[in-house]
Amino acid sequence: MSSIFTKKNTVIALIVLAFVIPFVLQNQYYLHVLTLACIWSIAVYGLNLLAGFTGYLSLAHAGFFAIGAYSLGLLTVKAELSFWLAFLVAPIITMIIGTFVGIIALRTKEHFFAIYTLCVGYIIYLIIDKWDSLTGGVRGLIGIPSPANIGPISFDTPLSQYYFVLVVTLLCILMVYRIVHSLTGRTFIAIRNSEELALSLGISTAKNKLLSFVLSTFFAGVAGALYGSFIRFIGPEISYTTIMFDFLTYLIVGGIGTLSGPIVGTFLIVLLSQNLQFLQDYRMLIFGPLLTLLIIFSPRGIVGFVLTKYHQHQRKTSAVLKDARAKEG
Amino acid sequence: MELLIQQLFNGLTIGSVYALVALGLTLVYGILHIPNFAHGALYMVGGYVTLLMMTNFGVHYLLAILVSMAVVGVLSVLMERFIFYPLRHSPPIQDKVAAIGILLFLEALAQLLWGADYRTMPTPYGQVVNLFGLTLTMQRIIIVITAIAVMIALYAFLKKTFIGATIIAMAQNREGANLVGINTNKVAMLTFFIAGALAAIGASLTSPINLVFPGMGHLVILKAFVIIIIGGMGSVPGAILGGYILGFTESLGATYLANDYKDIIAFLLLVLILTIKPNGIFAKGGV
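Just so you know, the protein sequences line up as chains A and B, in that order.
The first sequence begins at 1 in the working numbering and counts up by one.
The second sequence begins at 1 in the working numbering and counts up by one.
Looking at chain A on its own, in the form it has when it is part of the complex:
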């Protein structure tokens, strides 16, 4: 029985579900929401890589998300580059800016790092908001094109856009999976657990922290570029702290430092807040305390909670089995 619910089968089932769901739902609005949730979850994966696996809470993540979105917007609208070129260049621009910020920001630690990046995020917001001639200021950027056709495949319907975003999301998750399970990922975790210990093992913490930071900005940039091409209008508010705290809520609720946490948290909260539409402005009345309670009672979110229970259960059953065997033999 339990053999059907292996990790591999569950993942395959979820992917199939993700591909089939538009035909089941037949609802444009839900498709829109699902697409957005996919986009947010990519950004949250980036945040997770840095905050969850490397232990550095960056509060500039929404800023990098916005840099990705604005790079795509400016390259397509003002520089009139082709969409796909812009889509490739936007995350690279984000990474380049991320590298510069990271080199300086990572000289600080813990609280200093959080506050430093919070300030960097605010600077990004202010620059976008005030640099009227480049970014359009508060009016924002209008008329960002949706993805251009690749041969016979076009992306003008919501359905095709959903699939496009879904494929990119799956690729991103695969990337994160590969990173976390590689030596580099182990290095990140070693740094999270103890920076001194990692250093004494001969790990170049500075280099690896920077790598983690730049990778996290890459995912923010990809998410931002997707957001720009999907919504087709961007304003400075996407770099504001509210978005940052949304990301953080998704991550904490899902499970910081877990692989499936970002997607669980993002989809749960995005879908939940769709059903609490009447609460839109006041949703933080629920999510704020939820964030605080979760961090007190289950610091690794829903996924962490389930995993702990699962391991406890397994330990118990194996202990029972051992007992039984001992009695027999």
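Hints listed in this document are in silico derivations from the structure and should not be mistaken for laboratory results.
Any given hint could be a false lead.
Said to hold, decoys possible - Lysine-lysine pairs mimicking DSBU-like chemistry, simulated, CA-CA at most 35 angstroms apart: (1) LYS277(B) / LYS130(A); (2) LYS327(A) / LYS277(B); (3) LYS277(B) / LYS160(B); (4) LYS277(B) / LYS109(A); (5) LYS262(B) / LYS78(A); (6) LYS130(A) / LYS262(B).
Stated by the list, open to error - Simulated restraints, written as ranges between beta carbons of each label pair: (7) GLU175(B) / PHE297(A): 22 to 30 angstroms; (8) SER90(B) / SER318(A): 26 to 34 angstroms; (9) ARG88(B) / ALA326(A): 41 to 49 angstroms; (10) SER90(B) / VAL138(A): 51 to 59 angstroms; (11) LEU14(A) / SER90(B): 25 to 33 angstroms; (12) PHE297(A) / LEU112(B): 22 to 30 angstroms.
Don't be surprised by glycine CBs; every beta carbon is placed ideally from N, CA and C.
Fit chain B to the known structure of chain A by using the hints.
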């Protein structure tokens, strides 16, 4: 020349408010090593309580400030009891997130209870005073005088009284303070109360000049963080000095550089300082 002096005085007013808010933040950081992101929400609640006491109950401005100090102080103590106390042994990332949760909650609550619109706070001290050829409003003079008086009182409390000394002791070494018989729980609660009250004073003093709205704490708290990093996290003189440095830089920058970018100055200052000295200028200064 007159413009310069006028701007210096403006810097003094803004700096006073910044210093008050930063003082609360630095005290809390000093004893618990928590960057209390919810401090900005306390500041905002302080502004609203004073405003509502005045408009709804017709209480005098100064009395309203006292009420606001008490309310926000208690709120701050509750926060310590229910959130930071249970989290005292967890990794640093967690109390930051918990504080952010509280911040979001309080802001949404304020919006629900009092609406999202910007409100003006009436002040009985609106008259204009001419001093050595400078035109000043009474309110600004009161801000400076009150803030300085509060700072002196706080300094005397910390340095000259026994209870104040326990706060310093706990900031220096929590276990050590516990060993010599200081009730660290009580000290933590007291510190949170003082921090909340300071935020309430700061908000109440500046609200008649600025406005009262749910997001009013955002910028102030960010700047307060900048200040305590400049002044050294946990250092009281550092917070005061940092507050005035930022106040002067901002008001001069707004006049002589660009008004649009005046809010960016604080953050650029911080980025600059942390780039050169990653642990702040006065790293590890005592209270």
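Verification of the hints:
1. Only pairs whose Cα atoms come within 35 angstroms are accepted, and LYS277(B) paired with LYS130(A) is accepted, the gap being roughly 29 angstroms.
2. The hinted pair formed by LYS327(A) and LYS277(B) fails the criterion: a straight-line CA distance of about 65 angstroms is larger than 35 angstroms.
3. The suggested pairing of LYS277(B) with LYS160(B) holds, with an alpha-carbon distance near 33 angstroms, which does not exceed 35 angstroms.
4. Proposed proximity of LYS277(B) and LYS109(A) is supported: the alpha carbons are some 12 angstroms apart, at most 35 angstroms.
5. For a cut-off of 35 angstroms, the pair hint linking LYS262(B) to LYS78(A) stands: about 28 angstroms separates their Cα positions.
6. Our distance criterion of 35 angstroms between C-alpha atoms is met by LYS130(A) and LYS262(B), whose separation comes to about 11 angstroms.
7. Look at GLU175(B) against PHE297(A): about 27 angstroms separates their beta carbons, and that is inside 22 to 30 angstroms.
8. Taken as a hint, the range 26 to 34 angstroms holds for the pair SER90(B) and SER318(A), whose Cβ atoms sit roughly 29 angstroms apart.
9. At roughly 42 angstroms, the beta-carbon separation of ARG88(B) and ALA326(A) lies within the given 41 to 49 angstroms, and the hint holds.
10. The supplied range of 51 to 59 angstroms is broken by SER90(B) and VAL138(A), whose beta-carbon atoms lie about 40 angstroms from each other.
11. Distance hint check for LEU14(A) and SER90(B): the Cβ-Cβ separation is about 32 angstroms, which falls inside the suggested range of 25 to 33 angstroms.
12. Checked against the hint of 22 to 30 angstroms, the C-beta distance between PHE297(A) and LEU112(B) comes to roughly 25 angstroms, which is consistent with it.
The earlier numbered hints that this structure contradicts are 2, 10.
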